[in-house]
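> Protein chains in written order, with the numbering used here: chain H, 90 to 530; chain B, 90 to 530; chain X, 90 to 530; chain G, 90 to 530.
Each pair may be met inside one copy or between any two copies, as identical chains are not told apart.
Pairs of lysine-lysine residues, derived as PhoX-like cross-links and limited to a Cα-Cα distance of at most 25 Å, are as follows:
| hint | residue 1 | residue 2 |
| --- | --- | --- |
| 1 | 108 | 158 |
| 2 | 456 | 445 |
| 3 | 362 | 456 |
| 4 | 297 | 470 |
| 5 | 309 | 470 |
| 6 | 154 | 108 |
| 7 | 270 | 527 |
| 8 | 304 | 470 |
| 9 | 270 | 210 |
Simulated from the structure, these hints should not be mistaken for laboratory data.
Number of protein chains: 4
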Amino acid sequence: MYSAISPLEFRYLNFPEAKELQKYLSEEGFIYHLAFVESKLVDTYSHYDYCKPEIADEVQKSTHKITAKEVYEEEKRIHHQLRAVVNCMGQHVSSQAKPWIHLGATSHDIVCTTDAYRFKKCSQNVLLPLLIELQTILISLAEREKNTVQIGRTHGQHAVPITFGFTIAEYISRLGNRIVKLQESTNDLRGQFSGAVGAYNAQSLLVKNPIEFEKTFLQKLDLSPATHSTQIVEPEFMLDYLHACISTLGVLANLSDDMRHLQRTEIAEVMEKVSQKQVGSSTMPHKRNPIHFEHVKSLWKSFMPRVTTAYMDQISEHQRDLTNSASARFYGEIVAALYLATRRLKRVMNSLIVDKDSLKRNLQMAKDKIIAEPLYIILAKDGHPDAHEAVRRCFIENDAIENLNLNEEQREIIANPQKYIGFSVEKTQNVCNYWREKLDI
Amino acid sequence: MYSAISPLEFRYLNFPEAKELQKYLSEEGFIYHLAFVESKLVDTYSHYDYCKPEIADEVQKSTHKITAKEVYEEEKRIHHQLRAVVNCMGQHVSSQAKPWIHLGATSHDIVCTTDAYRFKKCSQNVLLPLLIELQTILISLAEREKNTVQIGRTHGQHAVPITFGFTIAEYISRLGNRIVKLQESTNDLRGQFSGAVGAYNAQSLLVKNPIEFEKTFLQKLDLSPATHSTQIVEPEFMLDYLHACISTLGVLANLSDDMRHLQRTEIAEVMEKVSQKQVGSSTMPHKRNPIHFEHVKSLWKSFMPRVTTAYMDQISEHQRDLTNSASARFYGEIVAALYLATRRLKRVMNSLIVDKDSLKRNLQMAKDKIIAEPLYIILAKDGHPDAHEAVRRCFIENDAIENLNLNEEQREIIANPQKYIGFSVEKTQNVCNYWREKLDI
Amino acid sequence: MYSAISPLEFRYLNFPEAKELQKYLSEEGFIYHLAFVESKLVDTYSHYDYCKPEIADEVQKSTHKITAKEVYEEEKRIHHQLRAVVNCMGQHVSSQAKPWIHLGATSHDIVCTTDAYRFKKCSQNVLLPLLIELQTILISLAEREKNTVQIGRTHGQHAVPITFGFTIAEYISRLGNRIVKLQESTNDLRGQFSGAVGAYNAQSLLVKNPIEFEKTFLQKLDLSPATHSTQIVEPEFMLDYLHACISTLGVLANLSDDMRHLQRTEIAEVMEKVSQKQVGSSTMPHKRNPIHFEHVKSLWKSFMPRVTTAYMDQISEHQRDLTNSASARFYGEIVAALYLATRRLKRVMNSLIVDKDSLKRNLQMAKDKIIAEPLYIILAKDGHPDAHEAVRRCFIENDAIENLNLNEEQREIIANPQKYIGFSVEKTQNVCNYWREKLDI
Amino acid sequence: MYSAISPLEFRYLNFPEAKELQKYLSEEGFIYHLAFVESKLVDTYSHYDYCKPEIADEVQKSTHKITAKEVYEEEKRIHHQLRAVVNCMGQHVSSQAKPWIHLGATSHDIVCTTDAYRFKKCSQNVLLPLLIELQTILISLAEREKNTVQIGRTHGQHAVPITFGFTIAEYISRLGNRIVKLQESTNDLRGQFSGAVGAYNAQSLLVKNPIEFEKTFLQKLDLSPATHSTQIVEPEFMLDYLHACISTLGVLANLSDDMRHLQRTEIAEVMEKVSQKQVGSSTMPHKRNPIHFEHVKSLWKSFMPRVTTAYMDQISEHQRDLTNSASARFYGEIVAALYLATRRLKRVMNSLIVDKDSLKRNLQMAKDKIIAEPLYIILAKDGHPDAHEAVRRCFIENDAIENLNLNEEQREIIANPQKYIGFSVEKTQNVCNYWREKLDI
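So here's chain H without its partners, still in its complex pose (with noise of 0.2 Å):
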């Protein structure tokens, strides 16, 4: 394992609970879905009673005696990865069922369909179930801090009050949202069976209607076709998938990003747990870093650009030119980076620990600048002039507020900054049961 090149091997998939990913994602993951798909060919043919179900029956049993091991020493031989899966199910079959399979199919036929399914079974069964568990991590979070008071921030500059649940909202609200772009483009995946070229020049020799059987076969896999294909599938439906993956990387990069600054040495209103044994850094025994947070901005910055490679793999010559055969095997990498990054955060969320003293002492610090913005306001509602530009000669001229016109209340109002939060309470609630409903948590 150490002898590998890609960290995502030796390193960040080496865990035991990783192997839910790789049964869809591995090239042994592959190579059984490849078979899979190839069985359920033969299966839609005795469907039409083309071939009897014994045949289909048969095939369907040689999907689990292949290996990836004999695939590669036959594609060794013959240079073709597909065939050479053709070759190896063969072995395993009757001679009555062999010219069964592959029938009539050519290489994508079985390649795009097979990537349709596993990829669609893997966010279905690994990778939506593992979002949702961080989205309800982070319900619970906000609902729990819902009325811990934070200061606001823009500009990095403190702004006005807020509450840590509310901050926690907002990422409810966007991962919310790509979940469900995520089932989307997850359900929108798509497979065929249209020959070569598309156009079923191969099955018109062999099936009456292939339109029809196109669909009969991908139904049993849970897919369905475009409206049209060449020798692959069209990219799109992929590209709208990984960009739904990207896109939910950037929200968790967000996240991570948010928390890592607020356990700056000066702000701590947020730390990750560290275990005792933990070493911060090798030579500063007492350092206290945001590495999981570090960790998942950093994946972040590794994968986000690789989905450059799925928009350049929408251009393929004619009816199809072999440049994306490469590219295309690597897309798996971008769905293992959400992966990790949802489990890594998932853990550190769960456990992350809140500093309400910190808050507090931070909310202090802007407490004379936060009242400028309910100043400007009361003024500006009461019909002063000029209320914006009054309250910014107030700060930056360090005139005393006291000399401005204002009444009890008022001045109640912005002796409390710490009330001044608006409806984040509210928000935060309505965000969580929002979310809460929407996902079925």
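Model the placement of chains B, X and G on the given structure of chain H, informed by the hints.
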């Protein structure tokens, strides 16, 4: 104009009809729409009887009075663009109306809402109609050429025959799918009126139910809020929209690339129509270059990478850090690029020359080879134990096909490869019908 | 101007001094330089006595007579920009001179050479001097603050002390290094005069030794040829130049990001100087936002991804495919962005407010913790068997440091963490000295 | 192996010779080199007589004893990779030697220096020799085919003739230029030994002159320091190196793209050599696909965008923020991709089939048209008032060339377009000679 550095200005948008785009995307257009959105805010105060309808009317009228020039002069003085717009509006209304302008709003309540509004209207009124015009042209072309046999190509190699209409149908399907995505993401652009950090702090001093007030305000602009906002609208709605734009541009680039290659001297199946006066090359007067197709591909190379900026703009610290301020101002360029590419393709695809002699000549070249596939299928269907290998050897080793055991009917099929077009015609018509109906063309 | 869509035009280059940039990068500048390069070609024919010097003179004078407007009108007629330039020049010279203009050249002999020339001169005359002005300001700042103690930060956490001069020295070193790269890649921009496909086909009919002729022509423009060219100059020279620009912009973005964070309310070690009139926020009149630093970061987000276009433009089919035609026209925008970022930073770094009270206060916060490192080093040096773990436990488990066995001198070192600045002062001065000398500042 | 997700592992580096790469880029290689660099640090302590040479020897020997597996187990316990390496080394040395390991170093003194070292050695020992092998093959091919006439192509259209050697010479020139850039940036990779924040804080407690000490340490590794460092080496040295890698990959992708297009059925001027056993297509047994050229283009699409990560990694807050920790671990993949593309191209270019019949046939097609350029040049040289337009009309309007007034000699030139190859032969030989000498081939 020629003192500009951006080629968009002096070169690519240098034609009268570009005004329909500039109405939304130019700085004049931006400033007008800022004022328009400000006026709708006052209208909302009037809606809830906080101010009189006359006030709202007065403000509404002021939107047509301010100019970009005066706003820029005011900004020079106070160094804040939105406040400059507000000040300029203030100079065109009575002193009773003035305090109502921008009341309770943070700059980005207006800026984000304006961007959502103008991009939405630009899509609905300019971009989508133009794309549908292109789609209509493609559908007509596909229907006209649905029976025109063309050799299908994969890896740049002759594969099996299709029709030229089928070739075009690919792009109808992919473009149709993108138009739908663009419609969806256009409709999903969002606005806000939630104050400096998103918690309605200022609004809570001014109106009873700021969450309802926000909804009403946005309804007047054909918009709705997200479940949460900070100082800015969640960036994912705009990102999805830009993703839709860029992935649409990718489809146009692929179409252009295909046409460009089909115009190669040796292939010559299509040709851009050239005006008599056009200079092909400054030194080679005889050249017929696919300059429009090259242009679209080149625009794609220039603008596709810019979507990365929108992915980076997902990250904004805390309730906002303003490092998206300059970058978001460039988003309109992406829309402009898609507009330009669509317009260019519309023109050139509408007058595309399809050279039937070349189509026949190229198909003829392939004749001997394209029978390999039907041969393999026929043999396999008849139960040949290793049909693929048999046919492969046939070609690699130049064995005579005559040696194979074929019946009369099968011999006829492989004697007329131009008939081996599968379901090209039906599929083409299906695709055209589907998208005509779906897009109501 | 406000009808433009590109923010570069109406917003960011909207100041008189921008003319020094537009001279090279605007369309007017481009067209002038095309004519200028054409005139140098005739000059070369004269150099070798193919034509009379008077002809060259006449052509040289015509370069100041043509306008962008007339070129665009001619282009409208003939649909070829370079031929339009040639035609317009032709109208300003005698019929004897006319045939010598553009003789033997393919368009891109002129276009590529013009781009190399104008980017080179723009770098030498505008960009590099401006960067060196910024560098000079940074050096002065670093020297001024070389003794001002600041807490060093890693992971956003207090680490061990440095000085503010040392903080700035990082950027002097990185910027210096980029200036050198920019100089090198500027000097390495190349031209050509090798004809339609690079093999001097036309030239071989016109001059005896076209390879020598090309060299002489380019020498007149302070340029040289690559070892090979096709219809276009090898794209890597321009790519290296744009890489130098964008990686320089990256250094400026990092400096801005650091300053931006040091201006956070809780840190407040530096502050952008604000004019009295400036509006910080449209609703929060008290805000002091790091808008210039944010602006530079935002420019980087907008322009960094555009370098991808130059990597894509490496690929051009055969002797050229022209899909770099539009995209290369946008390269000037990258140079403009670097110019704008440098200019902005120059201004703001020149008047940067360094708050010594905040620097002290923050250092004081860290006092107890920063002694961990010297403690560990001292223990380790003295042969403590597990110094790192001992000190780490000390802090995690809140053991008293007093329990450790330290001598008097060591106790003094850890009592005054502000003295633990290592070689900050010397290193800062070394960096300043090195780059002063290297860049002749 | 097949449980991996990265195709690099199970698919593309799945051959014995890949070990030469894994030696530097795998996790085993990384860990070995970390230990190796740590041992050179102790060696430097010994160099200055801080410790005995025996200590340095002992540590040096321990580098071969530790395994990746034990380091990962230790890391699991303490959650810090570099400290785990140090601890594992400590278990293989005496208690006198143990405290000297890592003394005064911050983790990234070792990590950054190790990366500089191993990437440098990987370039020098593996990458550059391989690229020079490819260059040698290209030079032989160009020299062999320098007289083989080929039609030159621009816009995918026939332009004027060159030779196939000249076509290849483009890539020799561009690749040569990239090899030089790769050599330069390889040699410019830097190390550091400057402590937690770059100011030699710890080092100042340990050695007299830490700046000199750093130099000596790095000299032992064939490296030098930058003028400044923080916790990390300035990122631009690595960025320049990765830029060199990716822009080299771009040249290889362009070469592959050109060959791929020249293999199109209608063009067929070159062909990848295919083994007898190779399966071209799973359904079309006759296909001869340019799979290796497609593969290189596809690798480029997959890896080119990843350079964006290195541009993003330029930004690290203050003395470091660690968001480059994961991302930098992936840099080796870029080097691996360049290695794979070079290796693939070396093989396929070495056995490239050049089809002279096709070259002639295609040239013949162009015959009538390519005379346009020499015609125009001859007319212009003879003072024709509007030669370009005259010739253009000739072709557009199908006027007979015969009507033009040409002398005997001129008529002969245009009668034999295959002679109109300009300086193709001389230029090809010049390019070959230049790069043979420059790269000492």
